[in-house]
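Chains A and B are the protein sequences, given in the same order.
So for the first sequence, the numbering used here puts the first residue at 2; every next one is plus one.
So for the second sequence, the numbering used here puts the first residue at 44; every next one is plus one.
It is worth saying that the hints were derived from the structure and are not from the lab.
Ideal Cβ positions, reconstructed from N, Cα and C, are used throughout, including at glycine.
A portion of the hints provided could be inaccurate.
With a straight-line Cα cutoff of 20 Å, these simulated EDC-like cross-link-like pairs (lysine to aspartate or glutamate) come out [what the hints assert, rightly or not]:
1) A:Lys471 - B:Asp226
2) A:Lys473 - B:Glu248
3) B:Lys260 - A:Asp321
4) B:Lys260 - B:Glu238
5) B:Lys260 - A:Glu136
6) B:Lys260 - A:Asp353
7) B:Lys260 - A:Asp490
8) A:Lys473 - B:Glu208
9) A:Lys176 - A:Asp351
10) A:Lys473 - B:Asp316
11) A:Lys57 - A:Glu136
12) B:Lys55 - B:Glu327
13) A:Lys471 - B:Glu232
14) B:Lys328 - A:Asp468
15) A:Lys473 - B:Glu232
16) B:Lys187 - A:Asp490
17) B:Lys260 - A:Asp351
18) B:Lys55 - A:Asp468
Every beta carbon over 12 Å from chain A, so not counted as near; a handful from chain B, in silico [as the list claims (entries may be wrong)]:
19) Asp169
20) Ser206
21) Pro210
22) Leu229
23) Met256
24) Gly330
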Amino acid sequence: MARQVRIGVFVCHCGNNIAGTVDVKRVVEELSHYPGVVHAEDYMYMCSDPGQEIMKKAIREKSLTGVVNANCSPTLHQRTFRRVAEAEGINPYRVEIANIREQCSWPHMGDRETATRKAIAIIKAAVEKLRLNMELTPSVTPLTKRALVIGAGIAGIQAALDIANGGYEVVLVEKDICIGGRVMQLAGTFPGMERPDYLLASRLAAVTSHPRIRLYMCSEIEEVSGYVGNFDVIIRQKVGYVDKDRCNGCGLCLEKCPVSVPSEYECGLSQRKAIRIPFPDMAPFNPVIDAEHCLRFNGGQCQACREACPEGAVEFSGEDTLIEENVGIIVAAPGYDLLPAGEPEIYPEDPDIIDGLQFERILSATGPTGGEVRRPSDSKVPREVVFISCVGSRDPEHGVPYCSRVCCMYVAKQALLYRRAVPDGQAYIFYTDMRSDAKGFEEFVQGVMDEGNILYLRGEVSRVFRDGDKIKVWGVDSLVERDVEVSADLVVLARAMVPRPTTRELARRLNIASDEHGFLTEAHIKLRPVESLTSGIYLAGTAQWPRDVPDTIASAEAAACKVLSLFSREELLHEPTIAFVDEEVCSGCGQCVASCAYRAIDIDEGRAVARVNEALCEGCGACAAICPSSAVQLRNSTPRQFFEIIDVASG
Amino acid sequence: MSYYPGCTLKTKALNFEASAIAAMAALGVNLVELPRWNCCGTVYSMAEDDLAHHIAPVRNLVRVSEQGSGKVVTLCSFCYNTLKRADLLMRNSPEKRDAINAFMDEEIDYQGDVEVVHLLEVLRDDLGWEEIAREVKVPLEGLKVVPYYGCTLTRPQEAAIDSVENPTVLQELLRVLGVTVLDFPLATECCGSFEIVSRPDSVTERAYAILGMALRKGAEAIVVSCPLCAHNLGQQQPKIAEKYGNFPGIPIIYFTQLLALAVGISPELCRFDLNFGEVEALLEKKGLLPQCERSGVGE
Chain A
2 MARQVRIGVF
12 VCHCGNNIAG
22 TVDVKRVVEE
32 LSHYPGVVHA
42 EDYMYMCSDP
52 GQEIMKKAIR
62 EKSLTGVVNA
72 NCSPTLHQRT
82 FRRVAEAEGI
92 NPYRVEIANI
102 REQCSWPHMG
112 DRETATRKAI
122 AIIKAAVEKL
132 RLNMELTPSV
142 TPLTKRALVI
152 GAGIAGIQAA
162 LDIANGGYEV
172 VLVEKDICIG
182 GRVMQLAGTF
192 PGMERPDYLL
202 ASRLAAVTSH
212 PRIRLYMCSE
222 IEEVSGYVGN
232 FDVIIRQKVG
242 YVDKDRCNGC
252 GLCLEKCPVS
262 VPSEYECGLS
272 QRKAIRIPFP
282 DMAPFNPVID
292 AEHCLRFNGG
302 QCQACREACP
312 EGAVEFSGED
322 TLIEENVGII
332 VAAPGYDLLP
342 AGEPEIYPED
352 PDIIDGLQFE
362 RILSATGPTG
372 GEVRRPSDSK
382 VPREVVFISC
392 VGSRDPEHGV
402 PYCSRVCCMY
412 VAKQALLYRR
422 AVPDGQAYIF
432 YTDMRSDAKG
442 FEEFVQGVMD
452 EGNILYLRGE
462 VSRVFRDGDK
472 IKVWGVDSLV
482 ERDVEVSADL
492 VVLARAMVPR
502 PTTRELARRL
512 NIASDEHGFL
522 TEAHIKLRPV
532 ESLTSGIYLA
542 GTAQWPRDVP
552 DTIASAEAAA
562 CKVLSLFSRE
572 ELLHEPTIAF
582 VDEEVCSGCG
592 QCVASCAYRA
602 IDIDEGRAVA
612 RVNEALCEGC
622 GACAAICPSS
632 AVQLRNSTPR
642 QFFEIIDVAS
652 G
Chain B
44 MSYYPGCTLK
54 TKALNFEASA
64 IAAMAALGVN
74 LVELPRWNCC
84 GTVYSMAEDD
94 LAHHIAPVRN
104 LVRVSEQGSG
114 KVVTLCSFCY
124 NTLKRADLLM
134 RNSPEKRDAI
144 NAFMDEEIDY
154 QGDVEVVHLL
164 EVLRDDLGWE
174 EIAREVKVPL
184 EGLKVVPYYG
194 CTLTRPQEAA
204 IDSVENPTVL
214 QELLRVLGVT
224 VLDFPLATEC
234 CGSFEIVSRP
244 DSVTERAYAI
254 LGMALRKGAE
264 AIVVSCPLCA
274 HNLGQQQPKI
284 AEKYGNFPGI
294 PIIYFTQLLA
304 LAVGISPELC
314 RFDLNFGEVE
324 ALLEKKGLLP
334 QCERSGVGE
């Protein structure tokens, strides 16, 4: 530093938060004699307008070249004070925050002497760091204003439409053979009882015909590389073996196919063929061959579908297509599953013990029973139906600890739909607590309770078992403290919502985090709820936690909003406080490459030195810590700065 | 192998003990009765400060330690549960262990070095189903039974010999023996246990639910591992018949009796005469008795 260092120290009282514990006057007195410090001052609220004015005045009058603000955590006001300093001509990276609130006055409340000495040490440490801070400017990276949305359920569709309607191109990738996701399987939605086709119809049409949305069906994310503003994505589109252009949609192939496998769309309640369409009323439909089950692809000679096809559209050759797309941001909305059958163990496997999604299909007008409520085992109309809430949820011993959030409401909805379909039917609902906490929800549940022939029983179920024609349910009504036994025709288990098994692998490919259950992890549950920890990758819908349709749509719109806000810029600014490599010292050992969670470092094989991708680096410092020769360092957090900090803090 | 009998095995459940010792001998396992054993404590006390209640089971564990045997096998489910949980308490609560050891100053200290197992665990984990299958001389084909675990083999979780909600060890053994095992949803339901002393009527109801279900499932016998279950499910049957009428009754058999029969032990040694219900008549009808050629404790 050729220039003379002239540092100002500004100590904030934060009302009584700091000054109540730390002797701020003594701190100012001490710091005013510290080498390099030419100005030290305290104020009640330094972040307030008058406080900022005090800073500005001192910077001007004392010709300060750097500032230490001693106050709260840098996450709160680092940005504020950097802006103030910048307005007075000081480089913002020559502003340091000394956290004397969260890390000093709060934990040492009641011990004024210790807190004051610690505050002085913290501020001196910040001064030492500042002394060696370089003036930095953010780097600029170009921004590709195209979005990738993963999953064409209601979340992905909503996000895609919002971004496309904002004027930007969207690549929408769906792994299934149809779009619409789980909502398409529902019989109705709470609390308005709208049918899902009503909710989705206009959106499905908009997505498939939108000029700025490119939809890839039967496709999965193969590989993702790059960084915010510039992701390179490889998409694998599964070969369907049917020429879409030649197929006339007659459906003869479906009739002739001899293979039957349980239908995924009907939750195993009916069979589908090995050449398949999503659902019967899907128009126009594109059949695809499911090679996993097709006889032809399992050593057989069958060509029933090809022989049946009047247009010659069926081909038994072809390969998956790998598609490359370049996008600036990614929205991940891969959706949910239910806790699988067989968990928890107290519920035996029985055709008349079904899960919530299966009952949606049975209640659905387009379902496997044609809109009539019939039970799977013998197609009888069930006269007594028992619903059991919290199956596997709120149950850390047997399932998952969290609340599945949607079950209280959909069980009420299903009971209502059942009662409308079977007027002399009786529904029993075992519940743990009623959680009806959103707009119109409680009113809806109360309406269901008043419906008649829907009996709410507060209590747990101890045993469910078949006894001849009936399914016996033993439980307790804890409000009247009595055991309850119901001889039911059908039992519906509200199984916990869980992430899809494939979500973890998707998270790995996107390099984003997932939690212990496999749900995608947001950057901050309150402050950054739809962002992942990786810049430029956003989250939407039920892959994050159990959500109903209103919450899912809201999260998708929030994610789209973040995307559009990013796309409103012409280029991206990137924090300059990131890693750099001293190529004179680096031996190219590669330990830093392995340590980087952001895949931001690689080895330049030709020159045998590490190389930092500045757009990917988040400045976490893992590489700097692991480098055996300190060849990799973080800008403005160098080993030399830390030694100075340790010296002053321990001295 | 060190074997802890407990009181019932020496009184009401002589058939359980006799068949177990004979069957295990045939399988090459010598059950050696623990010297100077005392009451297991019967029911594990869950009171926090009731250390005196754990002295009986711990003293038995000390006996095993003295023998230099790291393992003790039990037959009675109650003994298993009480000994197992006393051992877990001694392992997991150092302060209580020290207090109990200090109180029993005439004994060596118990260090938590004994493994308490139930005979079903020995069969499953030490011998293995394949090994047992090789020793089956008389496959018990045609016999339709339901397994009944009762409560203490699988509760609580830390003392469970199998899944708490859905145990299978008994089914697995019975299938190896050739028995037809029927689905039985009430396999872990409570038989009423010691309520037989204070609320016998409630035990009648429990037994009726369990036995009725077994009959509806088409079972010809119920296979148990617990002498108290055997007692409750057996002795309540006349009362059930009296109260509800039209109740045909169903025999109660210990799993060791079927094991003994299958590995070629003579029916006399199995002491079916002590069982509730006409077990020998049932086995006779199934053609499972005359085929027994060997007699006496196996080779």
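Evaluation of the provided hints:
{"no.": "1", "hint": "A:Lys471 - B:Asp226", "in the structure": "holds (15 Å)"}
{"no.": "2", "hint": "A:Lys473 - B:Glu248", "in the structure": "holds (17 Å)"}
{"no.": "3", "hint": "B:Lys260 - A:Asp321", "in the structure": "violated (52 Å)"}
{"no.": "4", "hint": "B:Lys260 - B:Glu238", "in the structure": "violated (27 Å)"}
{"no.": "5", "hint": "B:Lys260 - A:Glu136", "in the structure": "violated (83 Å)"}
{"no.": "6", "hint": "B:Lys260 - A:Asp353", "in the structure": "holds (18 Å)"}
{"no.": "7", "hint": "B:Lys260 - A:Asp490", "in the structure": "holds (18 Å)"}
{"no.": "8", "hint": "A:Lys473 - B:Glu208", "in the structure": "holds (17 Å)"}
{"no.": "9", "hint": "A:Lys176 - A:Asp351", "in the structure": "violated (30 Å)"}
{"no.": "10", "hint": "A:Lys473 - B:Asp316", "in the structure": "violated (36 Å)"}
{"no.": "11", "hint": "A:Lys57 - A:Glu136", "in the structure": "holds (19 Å)"}
{"no.": "12", "hint": "B:Lys55 - B:Glu327", "in the structure": "violated (24 Å)"}
{"no.": "13", "hint": "A:Lys471 - B:Glu232", "in the structure": "holds (19 Å)"}
{"no.": "14", "hint": "B:Lys328 - A:Asp468", "in the structure": "violated (28 Å)"}
{"no.": "15", "hint": "A:Lys473 - B:Glu232", "in the structure": "holds (14 Å)"}
{"no.": "16", "hint": "B:Lys187 - A:Asp490", "in the structure": "violated (27 Å)"}
{"no.": "17", "hint": "B:Lys260 - A:Asp351", "in the structure": "holds (15 Å)"}
{"no.": "18", "hint": "B:Lys55 - A:Asp468", "in the structure": "violated (33 Å)"}
{"no.": "19", "hint": "Asp169", "in the structure": "holds (25 Å)"}
{"no.": "20", "hint": "Ser206", "in the structure": "violated (6 Å)"}
{"no.": "21", "hint": "Pro210", "in the structure": "violated (10 Å)"}
{"no.": "22", "hint": "Leu229", "in the structure": "violated (7 Å)"}
{"no.": "23", "hint": "Met256", "in the structure": "violated (7 Å)"}
{"no.": "24", "hint": "Gly330", "in the structure": "holds (30 Å)"}
In terms of the numbered hints stated before, the structure departs from hints 3, 4, 5, 9, 10, 12, 14, 16, 18, 20, 21, 22, 23, listed from lowest to highest.
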